[in-house]
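Q: Which chain is which? The protein sequence lines are A and B, in order.
Under this note's numbering, the very last position in the first sequence is 312; numbers go up by exactly one each time.
Under this note's numbering, the very last position in the second sequence is 399; numbers go up by exactly one each time.
Derived from the structure by calculation, the hints contain no laboratory data.
All of these numbers come straight from a predicted model, not from anything done at the bench.
Incorrect hints may appear among the rest.
[Claimed, not checked] Here are a few chain A residues that face chain B, going by a calculated C-beta distance under 10 angstroms:
| # | residue |
| --- | --- |
| 1 | I77 |
| 2 | F98 |
| 3 | Y99 |
| 4 | N130 |
| 5 | P166 |
[Unchecked claim] DEER-style ranges, computed between Cβ atoms:
| # | chain 1 | residue 1 | chain 2 | residue 2 | range |
| --- | --- | --- | --- | --- | --- |
| 6 | B | I259 | A | R112 | 25 to 33 angstroms |
| 7 | B | L267 | A | K178 | 44 to 52 angstroms |
| 8 | A | G183 | B | L267 | 50 to 58 angstroms |
| 9 | A | R68 | B | K392 | 34 to 42 angstroms |
| 10 | A | A15 | B | K17 | 40 to 48 angstroms |
We put the beta carbon where it would ideally sit given N, CA and C, even for glycine.
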Amino acid sequence: MIVQADSLVKKYGGAAAVDGVSFSIEKGQIFGLLGPNGAGKTTTISILSTYLKPTAGEATIDGLSVRRQAGKVREIIGFVPQEIALYPTLTALQNLKFYGKMYGLGGAGLERRCREVLELVELWQRRHDNIEQFSGGMKRRINLGAGLLHSPRFLLLDEPTVGVDPQSREHIFDTIFKIRDNGATILYTSHYMEEVELLCDHIAIMDRGKVIASGTLRELLKMLGEGGVIELEVAPPGCPSGLETEIASQQGVTGVRREDNKVFVSSSNSARSLPPVMKVLESAGCEVGSLELYAPSLEKLFIQLTGKELRE
Amino acid sequence: MRKLGYITAKDLLVVAKDKGAWMTLLVTPLVVIVVVSFALSPVYKGGSLHATLLVTNHDAGGMGKQLTASLAARPNITIQAASDRESETLKQGGNSFGLALVIPKDFSARVQAGQSTQLQVYEDPNSTTSAPFLKGMIDGAVNRFSAVEVAAKVAVAEAVKQNQRADAAAVAGDATAAASAQMSNQPIQAKEQPASGARQLNTFDIETPGFAVMFLLFGVMIGAEGLLEERDKGTLGRLLVAPVSKASIIGGKLVAQFIVSIIQITLLFAVGHFVFSMDIGNTLAGLALMLVATAFTATSFGILLAALTKTRRQASSIGILAILLMSALGGSWWPLDIVPAFMRKLGHLSMNAWALDGIKGIIIQGQGFSDILLPAGVLFIYGSVCFLIGLKMFKLRGP
Numbered sequence: 001m002i003v004q005a006d007s008l009v010k011k012y013g014g015a016a017a018v019d020g021v022s023f024s025i026e027k028g029q030i031f032g033l034l035g036p037n038g039a040g041k042t043t044t045i046s047i048l049s050t051y052l053k054p055t056a057g058e059a060t061i062d063g064l065s066v067r068r069q070a071g072k073v074r075e076i077i078g079f080v081p082q083e084i085a086l087y088p089t090l091t092a093l094q095n096l097k098f099y100g101k102m103y104g105l106g107g108a109g110l111e112r113r114c115r116e117v118l119e120l121v122e123l124w125q126r127r128h129d130n131i132e133q134f135s136g137g138m139k140r141r142i143n144l145g146a147g148l149l150h151s152p153r154f155l156l157l158d159e160p161t162v163g164v165d166p167q168s169r170e171h172i173f174d175t176i177f178k179i180r181d182n183g184a185t186i187l188y189t190s191h192y193m194e195e196v197e198l199l200c201d202h203i204a205i206m207d208r209g210k211v212i213a214s215g216t217l218r219e220l221l222k223m224l225g226e227g228g229v230i231e232l233e234v235a236p237p238g239c240p241s242g243l244e245t246e247i248a249s250q251q252g253v254t255g256v257r258r259e260d261n262k263v264f265v266s267s268s269n270s271a272r273s274l275p276p277v278m279k280v281l282e283s284a285g286c287e288v289g290s291l292e293l294y295a296p297s298l299e300k301l302f303i304q305l306t307g308k309e310l311r312e
Numbered sequence: 001m002r003k004l005g006y007i008t009a010k011d012l013l014v015v016a017k018d019k020g021a022w023m024t025l026l027v028t029p030l031v032v033i034v035v036v037s038f039a040l041s042p043v044y045k046g047g048s049l050h051a052t053l054l055v056t057n058h059d060a061g062g063m064g065k066q067l068t069a070s071l072a073a074r075p076n077i078t079i080q081a082a083s084d085r086e087s088e089t090l091k092q093g094g095n096s097f098g099l100a101l102v103i104p105k106d107f108s109a110r111v112q113a114g115q116s117t118q119l120q121v122y123e124d125p126n127s128t129t130s131a132p133f134l135k136g137m138i139d140g141a142v143n144r145f146s147a148v149e150v151a152a153k154v155a156v157a158e159a160v161k162q163n164q165r166a167d168a169a170a171v172a173g174d175a176t177a178a179a180s181a182q183m184s185n186q187p188i189q190a191k192e193q194p195a196s197g198a199r200q201l202n203t204f205d206i207e208t209p210g211f212a213v214m215f216l217l218f219g220v221m222i223g224a225e226g227l228l229e230e231r232d233k234g235t236l237g238r239l240l241v242a243p244v245s246k247a248s249i250i251g252g253k254l255v256a257q258f259i260v261s262i263i264q265i266t267l268l269f270a271v272g273h274f275v276f277s278m279d280i281g282n283t284l285a286g287l288a289l290m291l292v293a294t295a296f297t298a299t300s301f302g303i304l305l306a307a308l309t310k311t312r313r314q315a316s317s318i319g320i321l322a323i324l325l326m327s328a329l330g331g332s333w334w335p336l337d338i339v340p341a342f343m344r345k346l347g348h349l350s351m352n353a354w355a356l357d358g359i360k361g362i363i364i365q366g367q368g369f370s371d372i373l374l375p376a377g378v379l380f381i382y383g384s385v386c387f388l389i390g391l392k393m394f395k396l397r398g399p
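My request is simple: use the sequences and hints to build the entire structure.
A: The following block contains the structure:
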């Protein structure tokens, strides 16, 4: 494990922005922190980057404590903030050179790394243009590049695609894969589930300062049922209690959850499970008002886990 | 230290490429200094107050002309003849000259006859500078003619007392002529000349230091706003998670701001000196010390401003209020010599007053290096206090 977070807590006044977050990241992994705005992703990444000190808990990066060895941690991490943290009146090259110097680079080594990074983000031809002349997507790419100059072992990316066009997003994704292929470990936060699904080897879903689910994409979707979900809305007065056990025993059914007058049935094969489930409901005298079948997704999982949309 | 230098160099590069900043740092102050200096040049002509007096002379004899000539001989007065119509306008208060003098048509006749006579003086109540000054000049000139009138009266009275049957009018005429001749010789004269070592001032000597100090403060206010902007936009946060000490970050920024302040005030004084012939006094080392002390104190004011405010908008509104208040109290807009004693003391709570005491002492009063050690020392103490408070209070991290 290159990163280990144990019971991290960050409180502002009485309110906990991060409330007992634990996870670990293996070397070479792209680890996704998924959650809506305000879930605690940025606070978590700020603790790992040493920008914030946790109120409680501990985190280590490559064995170094973010609390006690912040200076050493800063030398091996790269941080790409959510904001475009660049100087708009300076050129792309001037910005990169400045940040490179902050990481101790200089001379020919700095020149070479600036060129490599600018070529990686495909903006070498625009190196002498001021940042303020760039599009939003190009600014994001330079913003990413500024965190790569010192070839960090662990890279923290805080919502690096906010506000960019699809083409620039593709560029950023390609760059992230190249960085991973070069041996870096990446922590990627986003509230776009499709990004996390595409990029991440391991995903932790956060809500209200807590990790509410964690695993690979397959493991997470399995929580919904690999074959999808049957969502049934039962007309009042609803179903008698204890019906879930009988539904769960039907063919292919992997899980049942009730929420008011709705019943969510996870299944390994929704089409096969649907007839016996309907039969059970009919036998119990439940009148089904509406029915929906859908494929498993992080979005649906998030709704199942929290009862709200991911983008809220 | 090396990283501190890189941060300083980067900040200087950012300022160098910011055209808007240079407008505030150099162009705006120069425009203001030039406009104010030229606008006030008639007032400060020859280093002292200068005014135009409107005169309507109805006198049929020669004494009205003598009175006018006597006033015109004063170095700080320009006489402008006015028509009857203009006189009427003056009488109704519709003038813009501050003061107008109307000499009656029997002025000579009455003076020569040893009789009392009156001059009409119309004063613009809105004129607070030139009117009192002109009135003093007129009083001086009129006193001489009163002396002539008195001489004539005395001569007639003496002739009557000695039972000389001479013609009283002839005696009065002779006495007037003799007194006038004596007065024109001016047995007692006060000759104006500059004090030893002093030189003729130009308005840029008077206006440049005050406005330069004020715009120096506006310059550091921009620096303070920039610091808060870096905090908001994440560049400061990015530095904080890089292997750079906080001392290097804040030190680099302060050194850059100090250098910008030095460049700004030096360029303003250089333009004042080389383009507008502003005097720079007899001690270049003293002036340099004052400029360094002033730039240091202004930079410290900037960090204090950034520490006391949370956003750019706050820094801007509080900064403008503080700078205008300090400039008004501290003598950036008008000399502290003309304000009441308690206001002068109050003004010395601001850095402007101490900076201007030293700088104007060198430029206007020709003071030497040792004379400005007190204001320079006070500025360094003032700046150090602001610096330490600001440094303690400023939060590098976001709110």
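Q: Could you run down the list of hints and mark each one as holding or not?
A: Do the hints match the structure? See the list:
1. The beta carbon of A/I77 is positioned within 10 angstroms of a beta carbon in chain B (closest approach about 7 angstroms), and the interface hint is therefore held.
2. Annotation: interface hint on A/F98 holds; nearest CB of chain B at approximately 5 angstroms, less than 10 angstroms.
3. Interface hint status for A/Y99: upheld, as the beta-carbon distance to the closest one in chain B is roughly 7 angstroms, under 10 angstroms.
4. Evaluation of the A/N130 hint against chain B yields a held restraint, the C-beta minimum of about 8 angstroms falling below 10 angstroms.
5. Interface hint at A/P166: violated, since its Cβ lies 24 angstroms from the closest Cβ of chain B, which is beyond the 10 angstroms cut-off.
6. Between B/I259 and A/R112 the beta carbons are some 31 angstroms apart, a value that agrees with the proposed interval 25 to 33 angstroms.
7. The given range of 44 to 52 angstroms is respected by B/L267 and A/K178, whose C-beta atoms sit roughly 48 angstroms from each other.
8. Our hint of 50 to 58 angstroms for A/G183 and B/L267 holds, since their Cβ atoms are close to 52 angstroms apart.
9. A hinted range of 34 to 42 angstroms is violated for the C-beta pair A/R68 and B/K392, which are about 25 angstroms apart.
10. Taken as a hint, the range 40 to 48 angstroms holds for the pair A/A15 and B/K17, whose Cβ atoms sit roughly 42 angstroms apart.
The structure is inconsistent with the numbered hints 5, 9, although it conforms to all the rest.
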